[in-house]
Amino acid sequence: MSGVVLNTGTALQADAPAVAAQPSRLQRFLRALWRSRSGRFGAILLLLILLATLGADLLPLADPVKRHLSLRYLPPVWLDKGQWAYPLGTDGQGRDMLARIIYGARSSVMVGLAAVALSGAIGVAIGVLAGLRGGWLDQVLMRVVDAILAIPAMLFMLVVALVAGAGLAPLIVVIALTNWVIYTRIARAEVLRVKELEFVAAARVSRVRSSRLLLRHILPNILPALVVVATLNIGTVILTESSLSFLGFGIQPPDISWGQMLADGRQQLATSWWISTFPGVALTATVFSIILLGDWLRDYLDPRLP
Amino acid sequence: AGSTTLTIAQSNDILSLDPANHENNSTQSALVNLYEYLVNKEFPNGKMVFTPALAQSWKQEDPRTWVFELRSDVRWHDGKPFTADDVKFTVERMKGNPKLLSAVEKFRSVEKVEVLGPHRVRLVTSKPDPLFLHNFVGNGGSILPQHAFQAAGSEEAFFAKPIGTGPYRFVEWKKADRLVLARNPQWWGGASHWERVVIRAIPETATRVAEALSGGVDLAVNIPPEDIGRLKANADTGIVAFNIARNFGLHLRTEPGVVTHDARVREAIDLAINRQELADVVADGYATAARGLFPPEIPNANTRLTATNSFNPDKARQLIQAAGAKGAKIRFGSPSGRYIKDREVSEAIVGYLQDVGLNAQLEVQEWSIYNARVGSDSHGEIYFWGMGSYTDASFILNMGSLKRFNPHWRNAEFERLATELPATTGEKERQAIIWRAQEIITQDRARIGVLYPKAIYSVNKRVQFAGRFDEMIPAEQVRRA
Amino acid sequence: MTAAPSLAPAANAPSLAVLQTRRADTVLRYRNAGVTLQPHDGGEPLRLVRGVDLEVQRSQVVALVGESGSGKTLTALSVLGLLPGNARFSADEALLNGRDLRQLGKADWRRLRGADVGMVFQEPLSSLNPVLTIGDQIEEVLYYKRQLTRRQRRAEAIDLLARMGLPRPAQLLQDYPFQLSGGMRQRVMLAIAMAGEPALLIADEPTTALDNTVQAQVLELMVRTAEQSDVGVLLITHDLSVVAQVADQVHVMRHGEMVESAPVQQLFARPQAAYTRQLLALAPRIPAVVRQPLAEAGLPAPQAAQQAPAILQLDAVSKYYQQPRAWHFKAQKHLALDSVSFSLQRGRTLGLVGESGSGKSSLARIIAGLAQADGGQLRFDGADLSDPAVRAGASIQMVFQDPYASLNPRMRIGQLITEPLAEQPGWTAAQLRAQAAQLLEMVGLPASALDRFAHELSGGQRQRVCIARALSVKPQLLVCDEPVSALDVSVQAEILALLQRLKKDLQLSMVFIAHGLESVYAISDDIVVLEKGRVVEAGPRDQIFGAPRHAYTRSLLDAMLDIDPSRSRFRTRPAAPAGAALARVA
Amino acid sequence: MIFSALWRLLLQAVPVLFTVTLIVFALVFLAGDPTVMMIPDQASEADRLAMVAAWGLDQPVHLQYLNYMRNLLHGDFGTSYRYGSSALPIVLERLPATLLLAAASMLVAVLIAVPAGMAAALRRGSWVDHAVSGVAVLGKAMPNFWVAIMLILVFGVSLRWLPVSGSGTWAHLVMPALTLGTAFAGDLAKLVRASMLETLSQDYMRTAYAKGIPDWLVIGKHALRNAAIPTVTMTSLHVVALLGGALVTETIFAWPGLGQLIVQAINTKDMAVIQISVLVITAMTLLVNFLTDVLYRLIDPRMKL
Ligand SMILES: Nc1ncnc2c1ncn2[C@@H]1O[C@H](COP(=O)(O)OP(=O)(O)OP(=O)(O)O)[C@@H](O)[C@H]1O
Ligand SMILES: Nc1ncnc2c1ncn2[C@@H]1O[C@H](COP(=O)(O)OP(=O)(O)OP(=O)(O)O)[C@@H](O)[C@H]1O
Ligand SMILES: [Mg+2]
Ligand SMILES: [Mg+2]
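Protein chains in written order, with my numbering: chain U, 1 to 306; chain V, 1 to 481; chain W, 1 to 586; chain L, 1 to 305.
FYI, nobody ran anything at the bench for these hints, they're computed from the structure.
Everything numeric in this text was worked out from a predicted model, so none of it was measured.
Glycine is no exception: its CB is placed at the ideal position from the N, C-alpha and C atoms.
The reader is advised that the hints may include incorrect statements.
[As the list claims (entries may be wrong)] Part of the chain V face toward chain U, derived, beta carbon under 7 angstroms:
hint: 1; residue: Leu131
hint: 2; residue: Ala206
hint: 3; residue: Gly351
hint: 4; residue: Glu366
hint: 5; residue: Ile369
[To be verified] With beta-carbon atoms standing in for the labels, derived distance ranges:
hint: 6; chain 1: W; residue 1: Glu441; chain 2: L; residue 2: Arg225; range: 32 to 42 angstroms
hint: 7; chain 1: W; residue 1: Ala170; chain 2: L; residue 2: Leu99; range: 36 to 46 angstroms
hint: 8; chain 1: V; residue 1: Val124; chain 2: L; residue 2: Ala46; range: 21 to 31 angstroms
hint: 9; chain 1: L; residue 1: Leu287; chain 2: W; residue 2: His550; range: 53 to 63 angstroms
hint: 10; chain 1: L; residue 1: Leu73; chain 2: W; residue 2: His334; range: 35 to 45 angstroms
hint: 11; chain 1: W; residue 1: Glu423; chain 2: U; residue 2: Pro220; range: 10 to 20 angstroms
hint: 12; chain 1: W; residue 1: Pro388; chain 2: L; residue 2: Leu30; range: 45 to 55 angstroms
hint: 13; chain 1: L; residue 1: Arg225; chain 2: V; residue 2: Ser378; range: 56 to 66 angstroms
hint: 14; chain 1: W; residue 1: Trp427; chain 2: U; residue 2: Pro220; range: 16 to 26 angstroms
hint: 15; chain 1: L; residue 1: Val154; chain 2: U; residue 2: Lys81; range: 51 to 61 angstroms
hint: 16; chain 1: L; residue 1: Ala53; chain 2: U; residue 2: Val163; range: 45 to 55 angstroms
hint: 17; chain 1: L; residue 1: Leu49; chain 2: U; residue 2: Pro220; range: 38 to 48 angstroms
hint: 18; chain 1: U; residue 1: Ala121; chain 2: L; residue 2: Leu66; range: 31 to 41 angstroms
hint: 19; chain 1: V; residue 1: Val124; chain 2: L; residue 2: Ala53; range: 23 to 33 angstroms
[Said to hold, decoys possible] Listed next, the stretches of chain L that the computed footprint assigns to chain W, with coverage defined by at least 3 CB atoms under 8 angstroms from CB atoms of chain W:
hint: 20; stretch: 201-209
hint: 21; stretch: 213-226
If we strip away everything but chain U, and leave its shape as in the complex, we get (with noise of 0.2 angstroms):
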């Protein structure tokens, strides 16, 4: 043959030292997480947000469910006739605000986390066997998506609530029953992209088994999308708590949530405004840390950003 030569010395001598410095994969995402100022920003702020919520037991705080009547409406410290011992105030019960706010993040929090959690794991299996299976399969499991997003949450509200009880987890169990549908809509279009990919077919060429190709191939490719949906759904299911507790289907006394105080407080929003509006700005910025980092992760992951 003529015209080819062959040269098959290669480059890879030459950058091999870059190798060596690789940092380790946690440590290069947290040194990109904090060269990003939003994401600084947020980490920071959820960091502080859960280390309160963790250590509340340890804090000097007051009893959050201790009523003292005497004691109504009192306003926050910096303004007039306000109190040191109750530096955000106290409520209608006169209970402390401060403490209601630290104790109330755990079922917030926990709401948010755990339904997500679950709605994460149900909605990505469905999504990723329809995504995989297709045919008839796809077709009814997709049918019954599209039913579940057309029924009101109330509806399964109502049911798990009669059914077990309100409280903390029929609600999570709740909102995950109607909120996996993302997850699954999600995961198939995923699966979908995915398994056309090049090297899906190179790994179906190189006859990998199914549950080889799922668990090598197609999940580790779908999760970084499911990733940042699963952080940016955390907000918004902490905030769908709140609403369900403005229509009375929220997380009920004695156990204190942010939404329940929102929602309870907005009746005095005119008269007693901190009642409702701290636990508001607890809220607002908890979902405001978690989307922050959300968008990060989403740039982050996104191979196309540097």
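Dock chains V, W and L with the ligands against the given chain U, drawing on the hints supplied.
Using the frame of chain U, we list chains V, W and L with the ligands on its own:
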């Protein structure tokens, strides 16, 4: 809103234009402007009396027979005259249709209706009915036009554009938004006061208060005590607060196996509650502390059941100690937002119970679930109930209703009284039975009265309205200031 | 052979000299131009382009060549003031049509673009706005650059398209880019660039993505347009045969610097820079002898293939695709493969050629088992491949066109290449790793690559990984679907050499698909020519290349560009260009 | 393609609508006896049972469902327990208000988000970009009812510019539309920004700039239209979400939409009304999806129907 329009904000939507097919006070409070009763109930000086309305007068020919003389100058909104046939039609319509919600309470004792003349009608009951006149007031009591039903062809068609005899004509009903009524110039009581009456449904309290403040409505019901200051401070608005036919009470389980089976525990619960503090602080003074189950305006209400000296936490602690129930878990069910301050009251009571050594736990439920639990007997040891719209304290002896609310409570004397009452006709004797029944049930603490709440309305300064014990809002009684 | 075949003496050198003296006709002149880029993350500024001298005159085609990333596009963009926001341009002199590019404001740039300089961008489909009609995209230039009325615009647009040799120009105005073929799109791009009657036309890799046949058409058109409209052309490419065919003057760039500038004949005949020499040496080519009639070349007449057993046999294989249509319930059936039959003998390589869309990939996927044939039969070693058991036992592997896309980005190279093995019982992790290292060595990669991810390798390295993976199970048949067309010239050469060596060492049989005929020639024993899903010609390589029988094969071969500047098919002034040029100037 | 798309719409609609009736029926059945909610306190158990029988609720559940479906196929959509009249008109009556609010909030969102998102994309990294992103996230993170009440307090009570609640005039629409629109505008602005950035980095944008035509034309014509597809997708999802009624917002502003109706129907277990509402929403959703597909096709000729 022009000065000839009256706008009323209610806290829920009108359910139906059929006065016999809803169980909702605010619906009826709107419909009284459209339809009328044979007689009215008034509460001068805190006592109930019947006054003439479409019936000029009535008399009892024997314990089972009543004759009404009807007004002859009454016309339906379509101009046709009102006659005894309409009364017969109204009564018989109810008896023929079990789906009508008012059928469970209205005209049950009526055996037959005889039209004696165009404006005279006789009703015969199957047995003596001391509460007979109550049939002609309240939900289901509104008289409907026979001719218009026939002309419309179907009930649905009639209620699409209903007519009555009342001071205001139907104009438009936009569900979940507003009912619009207009002046009836031919009303028998003289031309009505307002050109237009608009009754709006504003479920969100904060919005209702905002509408009142901004002058969007003249009258707004269900104002929370916290907003009173704002409404008073506002130049155009003031408030009225008045007694109403409601009570807040607790229902306790009595069957064996639950901790409240022990009478001592039930008594301790009763003693632990500081009703005065609830009334003064939690309800901001807009409620009356009482152990009774009916406010005093209700006929035969036992006025001896007051809250005086009922609060005794020390004794309660002793009783609990004695019963060995210290730290016992008590589940306390409460609705939230159904009645004014319902949850706050419940939260406070749970606090009192904890103070005397019970491990009380609040279980707040959304209303429809809560209500279903009452029906299926699945609440915990205690649940909160706001009863209302009763006509007479003899209601306590309604065994059907008792079964629903206290399915496990048994008391031989009470049951004997319940069988004796229908046979008893004398005013005095009846009162003795009914008072005793109230005593038994509160002493046994199957039900414990807590408060008689008041209604609070916001009233724009351009109108005057004092509020009614039965919570009706007849536009004719709202006057330009 | 190592160098370009018999170069003609630099016949038109004097004429070029004449052209260069006509300074009045200089459209673009850069002296010591450079582009500096300030990275977003605040690092050191990068000098991406430096010391570039450039001169383009009317009617002259100046080529800018160089490997990928050498700064060609940046240099071109600087002429239009379209450098990225964080890039800075500097030069001792930068004149376009007499205007100093270093002192232009925003509005000046806008006036200059389209009117003084028009540009044709690299990818024809992505460079046209997908949601606007062709007419819209041309007419807006006519409106803003030449202030034509609506009626004039339409007439002029039709005229432009017609001049570009596009059929049905009036209807084309209503069409959207996706409705046109690659060649048509490229011509539309050219029409847009020419709509403002610019003095300078810049064409950035205008034919890289195109077929041989279409490439020839587009080049022809460009050169013709330049001549007729008296436009200077700056042509950017890395394909030396294109340069040889159309350029008058050539600049070679590497790492942002100009390494050599010379008239075209001189550059091909006497390359000065080492890099230029390397480029010329790597360019794949077909021996000139083959391109002459066989008899002339004195080659033996084509002979029938030896009677070795067939490892793969296709018998009337067909494939349909569904195409949905507006206003119809039923989708249209589209026949992508129409009774394709051929056989491949053990140990031989079969080259599959044909223009874009002729069904090559469809066939490859069917052979590899990624798609089902709708008719016909495939036999592997005599056994019917439609039998799942036979399919499971058939050791067929595939190498895909895009090495990056065919490697899972989230798996390490070591795992990737032994994945087919891991499916077989009896392999321990350590054994797999050792095997992986061995495979890497075989394809010429160091063991250090085992723990890397695909994105940490270069394109050529990735394709080696793909080959290693395909070879891990010691397949008997390897299907390669355009394994080199996405790669640089130098890398292409590497991969071809590797395949060649492995084939010999491992006794592989191969199906090799490419649209670069040079590489097919280099590697195949037999050739099958596909046209619209049908086999039009099949036979031993030298017979197909030397004595094509079918007209379609001939047209494919004719469209190949010679890497010899003296054999230009496009220049209309080969012998006496000076005269032509002078005549125009006069 | 239009035909087959319509055909596909029908083919999808039937199983979805069927599934919906089945799920809703099962849920309402599980939610328990509706008569409990209806009867007055005075009623006895016998009264309640009489009502159960009158409504046919004493039949086995599968017969109830079959009965319901048979009536449905005969065009009888059932009777509302709560209103005592046919359920279909009750639901249809609420549709205009719901659609009006959905459309108005969509308009608000688009009018805010498109310019904001474009400005952010065109000045990527500048203070405009940061401001848009910040406000967008904030808009999403604030609970709807909080925003709604604040709007009422400011514009209704303090400034008295707008009517506090109700429906009827355009002025009534402003605050509910703002509440829903701004919440969605945040998401939409971020999406517009992202797709704008994506579009701006495309090769054809360079071609457009290289033509030397005015910048507004490059942005407004070449970029915006290409960035429109994801925007349309998201907007249609938003509209679909609002079809079910914006419960919270409707309640606060006393807006007589489907959301309030459905909540009340669920609370009273008003089977017929729940069924029809959900069926109507499903049908509307499918229709919106179809129209979205048609719109895609108008924007981008490459889209398949
Ligand atoms: N916007 C940019 N930001 C950072 N680096 C860039 C940018 N544009 C180009 N470069 C870098 O500048 C160098 C020259 O790029 P250029 O596009 O001019 O190369 P080229 O010669 O046209 O290559 P090819 O043949 O691959 O098109 C490359 O290293 C490229 O990575
Ligand atoms: N999945 C598919 N659906 C519909 N049509 C298809 C599909 N795949 C290929 N085709 C059509 O089949 C024909 C052959 O396509 P194929 O990809 O095999 O061509 P090719 O020869 O590999 O072309 P290229 O050189 O451009 O890769 C083309 O007309 C193509 O449009
Ligand atoms: Mg380039
Ligand atoms: Mg191909």
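Each hint tested on the structure:
1. Leu131: The hint is violated - Leu131/V has no Cβ within 7 angstroms of chain U, the shortest such distance being about 36 angstroms.
2. Ala206: holds (5 angstroms)
3. Gly351: Holds: closest Cβ of chain U sits about 5 angstroms from Gly351/V, inside 7 angstroms.
4. Glu366: Holds, about 4 angstroms.
5. Ile369: holds (5 angstroms)
6. Glu441/W / Arg225/L: 32 to 42 angstroms: violated (53 angstroms)
7. Ala170/W / Leu99/L: 36 to 46 angstroms: holds (44 angstroms)
8. Val124/V / Ala46/L: 21 to 31 angstroms: holds (24 angstroms)
9. Leu287/L / His550/W: 53 to 63 angstroms: With Cβ atoms ~55 angstroms apart, the hint holds.
10. Leu73/L / His334/W: 35 to 45 angstroms: This hint holds: roughly 41 angstroms between Cβ atoms.
11. Glu423/W / Pro220/U: 10 to 20 angstroms: Holds - the Cβ-Cβ distance for Glu423/W and Pro220/U, about 18 angstroms, lies within 10 to 20 angstroms.
12. Pro388/W / Leu30/L: 45 to 55 angstroms: holds (47 angstroms)
13. Arg225/L / Ser378/V: 56 to 66 angstroms: holds (60 angstroms)
14. Trp427/W / Pro220/U: 16 to 26 angstroms: holds (22 angstroms)
15. Val154/L / Lys81/U: 51 to 61 angstroms: At roughly 25 angstroms between Cβ atoms, Lys81/U and Val154/L fall outside 51 to 61 angstroms, so the hint is violated.
16. Ala53/L / Val163/U: 45 to 55 angstroms: Since Ala53/L and Val163/U have Cβ atoms about 25 angstroms apart, the given range 45 to 55 angstroms is violated.
17. Leu49/L / Pro220/U: 38 to 48 angstroms: violated (60 angstroms)
18. Ala121/U / Leu66/L: 31 to 41 angstroms: holds (36 angstroms)
19. Val124/V / Ala53/L: 23 to 33 angstroms: holds (28 angstroms)
20. 201-209: holds (count 7)
21. 213-226: Per the Cβ count (8), the hint holds.
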